[in-house]
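Model the full structure from these sequences, guided by the hints.
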Amino acid sequence: MKLAREDIIKACEKHLIKLIVKNIDRSALKQAVREKCDLAPGSDVSFYSGNIVTRNSQIAYRLDFSVQANLSVLLDRTGEAIEITASEKLPEEGELEAEQSTEEGGRRIASEIAQMISEINE
Amino acid sequence: MNKCMAKTLCIAAPIADTGKTVAAVNLSAAFAVFEKKTLLVDCCPENGCLFGGKIEPPTDPPGLAHALDRRDADLSGFIVKTRLDCLHILPAGSGLDRAVNNAPDSRQAAITLCNAVSLQAQGYDYAVIDTPTASSVLTEAALCAADELLIPLRVDPAGAEYIEEGLSYIKKLLETAAGLRKEGRTAIRSAKILLNCCDDIVEAEALLGLEFFDRIRGICLNICIPEDFRVNEAFWFGKPVVCHDITSSGAYAFLDLAALWAGEDETVKTEKQEDLQP
Numbered sequence: 001m002k003l004a005r006e007d008i009i010k011a012c013e014k015h016l017i018k019l020i021v022k023n024i025d026r027s028a029l030k031q032a033v034r035e036k037c038d039l040a041p042g043s044d045v046s047f048y049s050g051n052i053v054t055r056n057s058q059i060a061y062r063l064d065f066s067v068q069a070n071l072s073v074l075l076d077r078t079g080e081a082i083e084i085t086a087s088e089k090l091p092e093e094g095e096l097e098a099e100q101s102t103e104e105g106g107r108r109i110a111s112e113i114a115q116m117i118s119e120i121n122e
Numbered sequence: 123m124n125k126c127m128a129k130t131l132c133i134a135a136p137i138a139d140t141g142k143t144v145a146a147v148n149l150s151a152a153f154a155v156f157e158k159k160t161l162l163v164d165c166c167p168e169n170g171c172l173f174g175g176k177i178e179p180p181t182d183p184p185g186l187a188h189a190l191d192r193r194d195a196d197l198s199g200f201i202v203k204t205r206l207d208c209l210h211i212l213p214a215g216s217g218l219d220r221a222v223n224n225a226p227d228s229r230q231a232a233i234t235l236c237n238a239v240s241l242q243a244q245g246y247d248y249a250v251i252d253t254p255t256a257s258s259v260l261t262e263a264a265l266c267a268a269d270e271l272l273i274p275l276r277v278d279p280a281g282a283e284y285i286e287e288g289l290s291y292i293k294k295l296l297e298t299a300a301g302l303r304k305e306g307r308t309a310i311r312s313a314k315i316l317l318n319c320c321d322d323i324v325e326a327e328a329l330l331g332l333e334f335f336d337r338i339r340g341i342c343l344n345i346c347i348p349e350d351f352r353v354n355e356a357f358w359f360g361k362p363v364v365c366h367d368i369t370s371s372g373a374y375a376f377l378d379l380a381a382l383w384a385g386e387d388e389t390v391k392t393e394k395q396e397d398l399q400p
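Chains as they are written, first to last, in this note's numbering: chain A, 1 to 122; chain B, 123 to 400.
The reader is advised that the hints may include incorrect statements.
Claimed, not checked - Calculated cross-link-like contacts (lysine to aspartate or glutamate; reagent style DMTMM-like; alpha-carbon spacing at most 25 Å):
1. K22/A to D378/B
2. K294/B to E112/A
3. K36/A to D64/A
4. K14/A to E349/B
5. K14/A to D336/B
6. K10/A to E283/B
7. K293/B to E119/A
8. K314/B to D64/A
9. K18/A to E333/B
Since the hints were derived computationally from the structure, they do not count as laboratory data.
Here it is, written out as structure tokens:
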């Protein structure tokens, strides 16, 4: 008995991953890269892939980021890092740039609006 | 510069389905619960405010359109009473779109409408203006008549997906407001974003991402309007949510919002809620 469409569930899972990535503390992640991987991360840490997995019978979120090397970040449902290792999956061409430019564009407009409203409220 | 005695709030956002009319109807009703005499002005040709706050709606209501058609700013005869004693509605009027399109001078049309709104708002404590998504003349008139601007922003998963596009439209609205301020045609001195369809700031942070939300945190009201089916249900019953279910989360949010402006404390708010409970 099918209760929901598979593609809908997958899309929802993808959306959940995107929201978690949005809320990752990038500076804490860079710090972890320095400490655990002995790598010096570049100007930004970019997400390119993610999945919901199980680790020790617990749900975990595997998020693949690219710095200067590729990493796999495993965190549990409380947000605690479980493991950070070199990722097996490589980013596809264009994925990183597209994500970076979209996010940057949104943040720029948000800052402009905040500035315009602050001028009204002065 | 046009100035009316009532504190006039313009609810505007050039994005469809962001909750302008629902916010205008329910915020006006919440002011009325605090016994603040409130005029809800419908600058949107769809006449949605009348639909959401009606008591016995006229079938073909005259309203703001009359000011353009007849060059008559006195619209006091068209003001509609509602089930709340302190809440009155000035409808858009049938054919407001046509009246705006037929006006020979769009700037003059905006001034005429602004003067009509300001005149009718005299004698009220608050005037709340609902604006359309797309008409520049009607939005301009509303901005000219207002002293505060409230921009609802939908922050549910669907809204968050298109947040960048939404903000780019809001930027255009703010550019219009800035232009009117430069010309001395509006007395707007405050603008805030109202987060709609999300329970609290934490949910907005989660949906938009911390880095993004931090940019707009300072210009958002701390009170969010939650996704509450009672709010929509009330609208389709032709009632503000405070008249439909005063104990719902949506009613609480609008009362909190009104209390923020009206300066009512928690005790007064609870007493009013108890009075309105069936």
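Hint check:
1. For a cut-off of 25 Å, the pair hint linking K22/A to D378/B is broken: about 30 Å separates their Cα positions.
2. Distance hint between K294/B and E112/A is fulfilled; the C-alpha atoms sit about 11 Å from each other, no more than 25 Å.
3. Distance hint between K36/A and D64/A is fulfilled; the C-alpha atoms sit about 16 Å from each other, no more than 25 Å.
4. Straight-line distance between C-alpha atoms of K14/A and E349/B comes to about 23 Å, which keeps the hinted pair within the 25 Å bound.
5. For a cut-off of 25 Å, the pair hint linking K14/A to D336/B stands: about 24 Å separates their Cα positions.
6. With a C-alpha separation of about 17 Å, the suggested pairing of K10/A with E283/B holds against the 25 Å cut-off.
7. Taken as a hint, the K293/B and E119/A pair is honoured in the structure, with Cα atoms around 13 Å apart against an allowance of 25 Å.
8. Distance restraint check for K314/B and D64/A: the Cα-Cα separation of roughly 37 Å exceeds the 25 Å cut-off, and the hinted pair is therefore not satisfied.
9. As the CA atoms of K18/A and E333/B are separated by approximately 14 Å, the hinted pair is consistent with the 25 Å bound.
Violated hints, in rising order: 1 and 8; the structure is consistent with all others.
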